[in-house]
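Peer 1: Okay, here's what each chain looks like letter by letter:
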Amino acid sequence: MIFLKRTLPLIITFITGMIMIVAFFSGEGLPSIKSLESTLPKWIQIIMTFTMVLGAFSLLRINLQKISRKADGWGYSLVLIIGFLSMAFLGFITGSWPMFDKPLTNGEIYYVLCEDNVSARPIRVIDNLKDKEGKIKVEYVDDKGEKLADTESAMIPPDTARTRNMSYANSMQQILFVGVFKNAQSTMFSLLAFFVASASFRAFRIKSKEAGLLMGSAFIVMLGNVSIGSLVSQILAYIPVIGPYLNIADIKEWIMTYPSSAAQSAILIGAMLGYISASMKIIFGVERSHLGGEG
Amino acid sequence: MNIFIKLKNLDRRWVFLFVALSVIIPLLFPFALPVVPTKAVANLHKFIENAEALPEGTRCFLSFDFDPASEPELKPSAVAILVHMFRRNLKPICGANWPVGGEMAEVALVEAANAYMSTYEDMKAQGKLAPGCKPIIERGVDYVNLGYKTGAIIHVKALCNDFMYPYPQDRDGNSTAEMAIFRNPDGRRFAMSDVGLIISFTAGTGGIETFISMAGEHKRPMAAGCTSVNIPRFTTYLQSGQLIGMTGGLPGAAEYETLIERPGKGCAGMTPQSIAHLVIMLFIIFGNLAYIAEQRNEAKKKG
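Residue numbers (my numbering), protein chains in the order written: chain V, 1 to 295; chain U, 1001 to 1303.
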């Protein structure tokens, strides 16, 4: 078992890691190795897709355990499970509906999604034979199936036409996504503005020269980043001699391009060196925590 | 001085209220503030405008690497850039490294396509459209939304060799092999090297940095649209020349909208954001005045 759990993964990691390194530096000199460089990413994409499925099952298992044990905050887990299952169910149904649906029939009424991605409008199939572009001929009708007077027949891809039930499922999924998920995420992110304001009011103190420098730079960047900075610059321009040089946007650009960028470059270079070092440790089997936290 | 010391203990709900009002009031009673494009935004606009760098019909890859949390910051710049591309008769190919990026791309594409088609006649009369522009643009011919694929850097690496393998279908399930937008005159399979410009709208990891990491393979010019918090990080890539331009946060979007003369949500958001910045700055100043007053009081007591 120790061979399967530790030795084999270490061998696979070493071999694939070395192949990728050799392939990257070999150029066209080693065509067979170079070809692996384009093959391995396809394998990785397939494996990563499976890891998403694994992650979904893991998420379900952990939260179901929390609910069964009535652990603290189990109600949140319940909401998560309900949300997860309903979105997954509606997503699978709407995404794979052609597998379950019958072929489009001439004269039957179907529904196509409107541009708001939520509501659907009825259509009647006039000719279900595909043209050169793979489209079918339809006409727009009202809810009673009467042709709309001010519309002409249109050519649409057949997979955009859905039955009434599928159209409801699709609308429901979009309502949950646009109406709940999108808005909830935007709200959570927007709350940051309030906490940033409160935290900076309480904690941003000039206790040293460095803190003063930081605050000065922060003010210039905050002003230079928004339109009101231009107005402030216009006012500052009235100051004799130095006024014309006090352009907030220009000073902000200088701060961002030189001092800030220099610090960011140093951080990035340091992080990348650490990344290379960590990768080498994993390839050579020095770092083994990914095999189960045994170090 | 006492008033400042009292201010120090101000209930944080007052801070929340002032921040909320600083956003709500300018939204209810809008007024325009001047928007001056920065060099990074102007460079990106200039590159897309340049017919030598991007001749008509050039396909550009736009990666939507964000989720609804960053949509208010990134969507306006995505829409502005898409509208500009349609006016230049460039063909945007949209993809995503974030799971809901495909949805973000869809919303932006629909808005930009509608904006382009509804203003086609006016823009044509003003001579602001490329000669080959059509009044109606079609999915699969003039633009496409490929949606999300797993892998991030590995996905980008796969795209460098062949678009059709990771994306056999677009987001709506249409076969990409049959789409006119992916057809090469010499019959080669479409790859990243056929793209004129790569733009990633990045909210965090897995965005433009994945394309920069693969620059040695695709060798295509790159630009970014990023959230304000990422501007310092990505300015480094501008300085090193790895990015030709960048739209940073909502101000970047407003600047791009100004350059293409189509004010949108970016310009509309500038006034509330300006006032909110001022309010936060005022709170920091008051907080520090309170701190100084407290220090003086303590010094007096000791003295």
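Because the hints were derived from the structure by calculation, they are not lab data.
C-beta: ideal position from N, C-alpha, C; glycine also.
Among the hints, erroneous ones may be present.
[Stated by the list, open to error] These stretches of chain V come out as covered by chain U in the derived footprint (C-beta under 8 angstroms, 3 or more residues):
id, segment
1, 38 to 51
2, 157 to 168
3, 174 to 182
4, 247 to 261
5, 264 to 274
Peer 1: Now look at each hint and say whether the structure bears it out.
Peer 2: Here's how the hints hold up against the structure:
Residues of the segment 38 to 51 of chain V lying with their CB closer than 8 angstroms to a CB of chain U number 7, which satisfies the three-residue condition for coverage. Residues of the segment 157 to 168 of chain V with a Cβ under 8 angstroms from some Cβ of chain U number 3, which satisfies the need for three, so the listed coverage holds. Taking a C-beta to C-beta cut-off of 8 angstroms, the segment 174 to 182 of chain V contributes 3 residues in contact with chain U, enough for the three needed, and the coverage statement holds. With a cut-off of 8 angstroms between beta carbons, the segment 247 to 261 of chain V has 6 residues touching chain U; three or more are needed, and the interface restraint holds.
Only residues whose beta carbon comes within less than 8 angstroms of a beta carbon in chain U count, and the segment 264 to 274 of chain V has 3; three or more means the coverage holds.
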